[in-house]
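Chain A is fixed; fit chain B onto it per the hints.
There are 2 protein chains.
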Amino acid sequence: MSEVKAYAAPKESADLKPLDIKRRAVTKDDVEIDIEYCGVCHSDIHTVQNDWGGSQYPVVPGHEIIGRVTSVGENVTNYKKGDLVGVGCMVDSCQTCDSCKEDLEQYCENGNTMTYNGEDKHLGGHTFGGYSEKIVVDTKFVLRIPENIDPKGAAPLLCAGITTWSPLAHWGVKKGDKVGVIGLGGLGHMGIKFAHALGAHTVMITTSPSKSEDAKKLGADEVLISKDDKEMEKHANSFDFLLNTVPVGHDTNPYIQLLKRDATMVLVGAIEPLDPIHGGGLVLKRKKVAGSLIGGIKETQEMLDFCGEHNITSDVEMIDMQDINKAFDRVKSSDVKYRFVIDMKSLKESK
Amino acid sequence: MSEVKAYAAPKESADLKPLDIKRRAVTKDDVEIDIEYCGVCHSDIHTVQNDWGGSQYPVVPGHEIIGRVTSVGENVTNYKKGDLVGVGCMVDSCQTCDSCKEDLEQYCENGNTMTYNGEDKHLGGHTFGGYSEKIVVDTKFVLRIPENIDPKGAAPLLCAGITTWSPLAHWGVKKGDKVGVIGLGGLGHMGIKFAHALGAHTVMITTSPSKSEDAKKLGADEVLISKDDKEMEKHANSFDFLLNTVPVGHDTNPYIQLLKRDATMVLVGAIEPLDPIHGGGLVLKRKKVAGSLIGGIKETQEMLDFCGEHNITSDVEMIDMQDINKAFDRVKSSDVKYRFVIDMKSLKESK
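Listed in order, the protein sequences are those of chains A and B. Residues 1 to 351, numbered by the UniProt record's numbering, are exactly what the first sequence covers, in order. Residues 1 to 351, numbered by the UniProt record's numbering, are exactly what the second sequence covers, in order.
Excised from the complex, chain A in its bound form (with noise of 0.2 Å):
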């Protein structure tokens, strides 16, 4: 057991704050890695302001996390001392449920160990995420980062990419599909890239006109403003696949009226509930919304490679871990392109 440098929320709607947590010894399966990028997702804050019940203090968020091995138990042989790794929302699952058998391990049955706030079972209390040092992790849950990409822009792959990245691999979208991206975000910002990067003709569709510019240079190739009516029946039932990212509830029929026969939204970023949908609107042309939830481990995996053939990262404005709670304050108002990364040098460095 080591004891490293943290940044923790001490209760809820507090401001994070240094903090020395334990990090377990390394056993024959883990693999210990030090933190060098750390990425801030949405449900960091969720999370520190207990927004969806059950968050045990001290909070250290983070699940965005890259770094290097530093040390592996005996029994890993596909990482070594060196290697670039990520860890992304999950550190453990049950491994023997129907879900985790079929590599999607973020529908584990039993319950699987979120990378904070999740049930520690190796020292009891809680998990504490990447807002710092070092973390220790089960060498099932630790992925492998192409060293040719950015890895400051490649922590974000290990939340926002998978969310996203995952529906558009399940649902099968193709080259020459015509795809949406509802919401430019964080989530939003990497379903551009992958769906342009995956060949379809991608639409980014947002309620802001002054972010038509961001959005083609991003990949779309073409922007719908989804409170032009007009534009918006022009482009009625002619969608294959609308990857929603809205992160609050919202009027969804709008939306649904874009999809073809058949054609499937998917929502990523609104857990909570959503407008009145109107029935009609699914009937008439058998129209269907689901929901995803982040990404198994073997496709965040090939999320990760793609990437690296592809040359795809996150695009992020980096920040030191002193600045944290300035960092929140400006995801909450959406005030970041598009993601912050916290470079973990400066925890490290400070006294």
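Worth flagging that the hints you see were computed from the coordinates, not collected in a lab. We treat Cβ as the ideally placed atom computed from N, Cα and C, and that holds for glycine. Treat the hints with care, as some may be off.
Computed from the model, here is a short list of chain B residues facing chain A with C-beta under 7 Å [said to hold, decoys possible]:
(1) Gly54
(2) Pro58
(3) Tyr107
(4) Lys152
(5) Arg261
(6) Leu267
(7) Glu272
(8) Pro273
(9) Pro276
(10) Gly279
(11) Val283
(12) Leu284
(13) Arg286
(14) Lys288
(15) Val289
(16) Gly291
Showing chain B alone in chain A's frame:
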């Protein structure tokens, strides 16, 4: 052109009354049918009351039509005089769009012609349904009724039957699947019969414990009372498929909880706004909510053939044409097991 007896609502909210209507002369692709039975569908009432807007008066309802062929056009080779046939919700479609080419005329992209209150492309004005002595229909929209099943009970197969069959078939419900049918009315009782005949473990999901006995007689293996939170909890995340036949907006969240990962609930009844769906309920196990509308002609014939093989018909209460207004009132108060069917002899023999 011929003049035939019918029953019609002369204007919104008025009772149905006798009326003479015109039927076109048999063209080369047409089949003329002497109507023997016509089912009473809740849509008939919605159209008479103009609940969905766009009703044109007089409304002659009826799209669950059973009769015998009296005459066929020169191009018609698949039917001959005396054949037992049916007509459902559609009498024409464009035949050229992708949906029509895929045998999904119900989703015709250029707008199909509904059996009543559609645009009559032959005579002008709007189409008249099955509450009448005769109908003339393009042979492509005429169905063959197996001679071994009771033609009275076959009438509702043309709408209630195909509406529940189509999603079960499209989503591939099979032997051993755990299938829930929500709501026990005209649609629900067909859903149970079909799911049971397909070999699924069929669960009737209802708010009314009083419906348990009937549900089991219809083929349900189990009855789940949706108001019983403990029972609902026991069945959480266990259903492969849910067929939701509830005809009005309602809270679907408790049903979504019942779905397994990746499973779908299909709406076939509620063509109106649902209570707010919680995004988290979909996201956490990649669940899906979809809609489905009646069915194509090809799959309607498949359903009828299946009914012939398994001796499946609807449970019906026979009425005379003159009792239609009383029957409407009873449908509105769900006082029918499970579908009214009009014996058209009563119309023909009336003065």
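Okay, the hints, checked on the actual structure:
1. Gly54: Check failed: Cβ of B:Gly54 comes no nearer than 13 Å to chain A, outside 7 Å.
2. Pro58: Violated. Min distance 25 Å.
3. Tyr107: holds (5 Å)
4. Lys152: violated (28 Å)
5. Arg261: Holds, about 5 Å.
6. Leu267: Hint on B:Leu267: holds, closest Cβ of chain A at ~5 Å, below 7 Å.
7. Glu272: Holds - the Cβ of B:Glu272 comes within 7 Å of chain A, reaching about 6 Å at its closest.
8. Pro273: holds (4 Å)
9. Pro276: Nearest chain A Cβ about 4 Å off; hint holds.
10. Gly279: With a closest approach of 4 Å, the B:Gly279 hint holds.
11. Val283: At about 3 Å, which falls below the 7 Å cut-off, the nearest Cβ of chain A leaves the hint on B:Val283 intact, so it holds.
12. Leu284: Interface hint status for B:Leu284: holds (6 Å vs cutoff 7 Å).
13. Arg286: Because about 5 Å separates B:Arg286 from the closest Cβ in chain A, which is inside the 7 Å limit, the hint holds.
14. Lys288: holds (4 Å)
15. Val289: With Cβ-Cβ at 5 Å, under 7 Å, it holds.
16. Gly291: Interface hint status for B:Gly291: holds (3 Å vs cutoff 7 Å).
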